[in-house]
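S.K.: All chains, please: the whole structure from these sequences, using the hints.
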Amino acid sequence: MSTQDHEERTIRCLVAKVGLDGHDRGAHVIARAFRDAGFEVIYSGLHKSPDEIVQAAVQEDVDVLGISILSGAHNTLVPKIVAGLEEYDAFEDTLVILGGIIPEEDRPGLREEGVDAIFGPGASMQETIEFIRENAPER
Amino acid sequence: MSEADDQRRAENERLIEELLNGKHRALARVISNIENRAPGYRELVSRLHEHTGDATVVGVTGSPGAGKSTLVDKMAETYRDRGETVGVIAIDPSSPFTGGAVLGDRIRMASNVGDMDVFFRSMSARGTLGGLSTATTDAVKALDAFGKDRIIIETVGAGQNEVDIVGTADTVAVLVPPSSGDDVQMLKAGILEIADVFVVNKADMDGADRTVQELREMIHMRNDSPLAGTAGHHGVDESAIGDDTGDGEDDDGWEPPIVETVAKSGKGVDEFLETLTDHRAWLNASGELESRTRERYAEEIRRLLREEAAALVETEIESQGGLDEYVDAVAARQTDPYKVTDEVVGPIRDCIDEG
Numbered sequence: 017m018s019t020q021d022h023e024e025r026t027i028r029c030l031v032a033k034v035g036l037d038g039h040d041r042g043a044h045v046i047a048r049a050f051r052d053a054g055f056e057v058i059y060s061g062l063h064k065s066p067d068e069i070v071q072a073a074v075q076e077d078v079d080v081l082g083i084s085i086l087s088g089a090h091n092t093l094v095p096k097i098v099a100g101l102e103e104y105d106a107f108e109d110t111l112v113i114l115g116g117i118i119p120e121e122d123r124p125g126l127r128e129e130g131v132d133a134i135f136g137p138g139a140s141m142q143e144t145i146e147f148i149r150e151n152a153p154e155r
Numbered sequence: 044m045s046e047a048d049d050q051r052r053a054e055n056e057r058l059i060e061e062l063l064n065g066k067h068r069a070l071a072r073v074i075s076n077i078e079n080r081a082p083g084y085r086e087l088v089s090r091l092h093e094h095t096g097d098a099t100v101v102g103v104t105g106s107p108g109a110g111k112s113t114l115v116d117k118m119a120e121t122y123r124d125r126g127e128t129v130g131v132i133a134i135d136p137s138s139p140f141t142g143g144a145v146l147g148d149r150i151r152m153a154s155n156v157g158d159m160d161v162f163f164r165s166m167s168a169r170g171t172l173g174g175l176s177t178a179t180t181d182a183v184k185a186l187d188a189f190g191k192d193r194i195i196i197e198t199v200g201a202g203q204n205e206v207d208i209v210g211t212a213d214t215v216a217v218l219v220p221p222s223s224g225d226d227v228q229m230l231k232a233g234i235l236e237i238a239d240v241f242v243v244n245k246a247d248m249d250g251a252d253r254t255v256q257e258l259r260e261m262i263h264m265r266n267d268s269p270l271a272g273t274a275g276h277h278g279v280d281e282s283a284i285g286d287d288t289g290d291g292e293d294d295d296g297w298e299p300p301i302v303e304t305v306a307k308s309g310k311g312v313d314e315f316l317e318t319l320t321d322h323r324a325w326l327n328a329s330g331e332l333e334s335r336t337r338e339r340y341a342e343e344i345r346r347l348l349r350e351e352a353a354a355l356v357e358t359e360i361e362s363q364g365g366l367d368e369y370v371d372a373v374a375a376r377q378t379d380p381y382k383v384t385d386e387v388v389g390p391i392r393d394c395i396d397e398g
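Heads up: the protein sequence lines correspond to chains A and B, in order. Here my numbering = 1-based position in the first sequence + 16. Here my numbering = 1-based position in the second sequence + 43.
A couple of the hints might just be wrong.
[Stated by the list, open to error] Selected chain B positions facing chain A (Cβ under 7 Å, derived; list incomplete):
#	residue
1	67
2	68
3	72
4	75
5	143
6	145
7	146
8	147
9	149
10	150
11	156
12	157
[Said to hold, decoys possible] Partner residues aside, some chain B positions facing chain A, computed with beta carbon under 10 Å:
#	residue
13	137
14	144
15	159
16	162
No lab work stands behind these hints: they were computed from the structure. Each residue gets a CB set at the ideal place from its N, CA and C atoms; glycine is no exception.
M.R.: Have a look at this one:
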């Protein structure tokens, strides 16, 4: 076919703050680091509901959905988001990662829900970016 | 036909069918393929074309911080109240260094959250000039074919690229924030010519009246056509006559109105939308819509031809071992860039001549 059809793959990420948690310093830092890594970053803004996050992830067709939760409500919010993604047929090819304060004992359950990776306070930015580069869904 | 091609064809088939059936995910993926220029995206767009032509397309542009996103949000809300569906394409710049971007316009779409019938898509200017306007044109087609009644293109107005992008729209609204001497600067950059409607947003702020006044003067200056005026003062010669005819064509019977809005509170938004409707009616009545549409298609064809021809030449050069040898020869003054071009294009020209 045409020689014009060369692929220029840019990784798109949605950095999402969900629920009543108002701490977005981390989300900002991550958004900037992603941008500097050459990703296209869509930032959701604060206090979004799971529905809003789903709407954004579906419409923007992001490769990666990064959810930041520091409020402890992850066990309630994450399953809602995953269910929403499934409803719109967007779960299979979206890499879902989670950041913030997630206790060790909650992690296995969240992974089972469909979270691909969890990055806690000790995780390095480089580590996160590498993980995304390696695991961004093939489309 | 390879297996990959078959697969792609089947995938495209599925995407088209799902998009026409109103599946959001398919629309989102089609736009991604358009943006990525993914293999087979051309077939996608070409299949969509026959389903387009029903949406009205409005471009909203203006300097950063003028309130574009907030106004677009309120526009979408009003359209939705009337039962119309809305598609928004918001374009943000990307870093020329890393290619990365933070696309932030979505945050301001507060009135339409959770409403899937407002399809909001962020796009970044991915480097190549011109590539973005192709992608925008194609993404608009996808939204149109999907069945959106209203499509809004939102972009920072800062130069040729943006002027090209809003050229995709039937009606272009230029937002001007009150005060700040920068207004005039912005208008210098060719924005004045593309505006069908001026919006002085944040009209509750100091200096709004003055900005309206300045704009009014500027529009009148355009209408009075200072160029023709000066030529006239210098006596009648052929060039002045030429200018006059030119101005006659320029005078298209639509003077851009100035609307005042406070997007944050929604004040003036109804009037703004009414003005857009007026412009649309004028486009229809004057035949301008048809001629603009034709011009747009002509430009689209030209652009694709340019791209395709350039790609052909590129492939030919690659197959001959790249540009390096030519560059060496040019640097050594054995030949020059014009001769090289002749040499490369010559065989193609011969083909055409024989045909």
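S.K.: Give a verdict on every hint.
M.R.: Hints, verified against the model:
{"no.": "1", "hint": "67", "verdict": "6 Å, holds"}
{"no.": "2", "hint": "68", "verdict": "5 Å, holds"}
{"no.": "3", "hint": "72", "verdict": "6 Å, holds"}
{"no.": "4", "hint": "75", "verdict": "4 Å, holds"}
{"no.": "5", "hint": "143", "verdict": "4 Å, holds"}
{"no.": "6", "hint": "145", "verdict": "5 Å, holds"}
{"no.": "7", "hint": "146", "verdict": "5 Å, holds"}
{"no.": "8", "hint": "147", "verdict": "6 Å, holds"}
{"no.": "9", "hint": "149", "verdict": "6 Å, holds"}
{"no.": "10", "hint": "150", "verdict": "4 Å, holds"}
{"no.": "11", "hint": "156", "verdict": "5 Å, holds"}
{"no.": "12", "hint": "157", "verdict": "5 Å, holds"}
{"no.": "13", "hint": "137", "verdict": "7 Å, holds"}
{"no.": "14", "hint": "144", "verdict": "5 Å, holds"}
{"no.": "15", "hint": "159", "verdict": "6 Å, holds"}
{"no.": "16", "hint": "162", "verdict": "6 Å, holds"}
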